[in-house]
Amino acid sequence: MKFPEKNSRSEQILTAFLKGPMTIYQGAEVHGDFVTRKLPAGIDHCKMVELYCDLVERGCLIREGIKYKLTTRARHQLEKESAPEAPRSIVPPRVRNFFAKPLFLGYSPAFPWRRAL
Numbered sequence: 004m005k006f007p008e009k010n011s012r013s014e015q016i017l018t019a020f021l022k023g024p025m026t027i028y029q030g031a032e033v034h035g036d037f038v039t040r041k042l043p044a045g046i047d048h049c050k051m052v053e054l055y056c057d058l059v060e061r062g063c064l065i066r067e068g069i070k071y072k073l074t075t076r077a078r079h080q081l082e083k084e085s086a087p088e089a090p091r092s093i094v095p096p097r098v099r100n101f102f103a104k105p106l107f108l109g110y111s112p113a114f115p116w117r118r119a120l
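Numbering-wise (my numbering), the sequence shown opens with residue 4 and increments by one.
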């Protein structure tokens, strides 16, 4: 299986198929027609069929009749990429720096034996 490039049309098509098997027309409703400045109406149906056939050849999609569905390897790859990261701890460590913080009033690290009154 050769996975498509990041932020490409093919990757958008695959993320749309996480919902379940769809036809090309149902997929175009979910992922859109890829409207750009040059193509304000989106890409035509022939180009869409070409994209889907390319994903079948790469091994990311399986064609069953008129519907397409994700392969299990592609599904696991997409779910792994879209999973949120483990939460990081926001609690600071409980280590005190006794040399930077005065222990009592009048204390200085340079002269610990001297007390200011």
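What the hints contain is simulated information worked out from the structure, not anything from laboratory work. These figures come from a predicted structure and were not determined experimentally. Please note: incorrect hints may appear among the correct ones.
[What the hints assert, rightly or not] The calculated DSS-like cross-link candidates involving lysine-lysine, where the alpha carbons are at most 27 Å apart (straight line), are:
| # | residue 1 | residue 2 |
| --- | --- | --- |
| 1 | K72 | K41 |
| 2 | K5 | K83 |
| 3 | K72 | K83 |
| 4 | K70 | K83 |
| 5 | K50 | K72 |
| 6 | K83 | K41 |
[Claimed, not checked] Distance ranges between label pairs, derived from CB positions:
| # | residue 1 | residue 2 | range |
| --- | --- | --- | --- |
| 7 | E67 | G35 | 38 to 48 Å |
| 8 | G45 | L21 | 19 to 29 Å |
| 9 | G62 | G23 | 18 to 28 Å |
| 10 | V94 | Q29 | 42 to 52 Å |
| 11 | S92 | I27 | 43 to 53 Å |
| 12 | E88 | C49 | 22 to 32 Å |
| 13 | D57 | K83 | 33 to 43 Å |
| 14 | E53 | S85 | 21 to 31 Å |
| 15 | I93 | V52 | 48 to 58 Å |
| 16 | V52 | S92 | 48 to 58 Å |
| 17 | V38 | R66 | 24 to 34 Å |
| 18 | R91 | G45 | 36 to 46 Å |
Ideal Cβ positions, reconstructed from N, Cα and C, are used throughout, including at glycine.
Against the structure, the hints come out as follows:
For the suggested pair K72 and K41, the alpha carbons sit about 30 Å apart, so the restraint of at most 27 Å is broken. For the hint pairing K5 with K83, the CA-to-CA distance comes to about 16 Å; that is within 27 Å, so the pair holds. With a C-alpha separation of about 18 Å, the suggested pair K72 and K83 falls inside the 27 Å cut-off, and the hint holds. For a cut-off of 27 Å, the pair hint linking K70 to K83 stands: about 24 Å separates their Cα positions.
The straight-line distance between the Cα atoms of K50 and K72 is roughly 19 Å, inside the 27 Å bound, and the hint therefore holds. Among the hinted pairs, K83 with K41 is inconsistent with the structure: their alpha-carbon atoms are about 34 Å apart, more than 27 Å. Hint check: E67 to G35, Cβ distance near 23 Å, so the stated range 38 to 48 Å is violated. One distance hint, 19 to 29 Å for the beta-carbon pair G45 and L21, holds here, with the actual separation near 21 Å.
Judged by the Cβ atoms, the range 18 to 28 Å given for G62 and G23 holds: they are separated by roughly 19 Å. Remark: the range hint 42 to 52 Å for V94 to Q29 is upheld by a beta-carbon distance near 47 Å. In this structure the hint that S92 and I27 lie 43 to 53 Å apart at CB holds, the actual value being about 46 Å. A hinted range of 22 to 32 Å for the beta carbons of E88 and C49 is inconsistent with their spacing of about 40 Å.
Between D57 and K83, the C-beta spacing of about 22 Å breaks the proposed range 33 to 43 Å. Our hint of 21 to 31 Å for E53 and S85 holds, since their Cβ atoms are close to 26 Å apart. The supplied range of 48 to 58 Å is met by I93 and V52, whose beta-carbon atoms lie about 49 Å from each other. Between V52 and S92 the beta carbons are some 49 Å apart, a value that agrees with the proposed interval 48 to 58 Å.
Taking 24 to 34 Å as the suggested C-beta distance range, the pair V38 and R66 conforms, at roughly 26 Å. At roughly 40 Å, the beta carbons of R91 and G45 sit within the given window of 36 to 46 Å.
Checked against the numbered hints given earlier, the structure breaks hints 1, 6, 7, 12 and 13 and satisfies all the rest.
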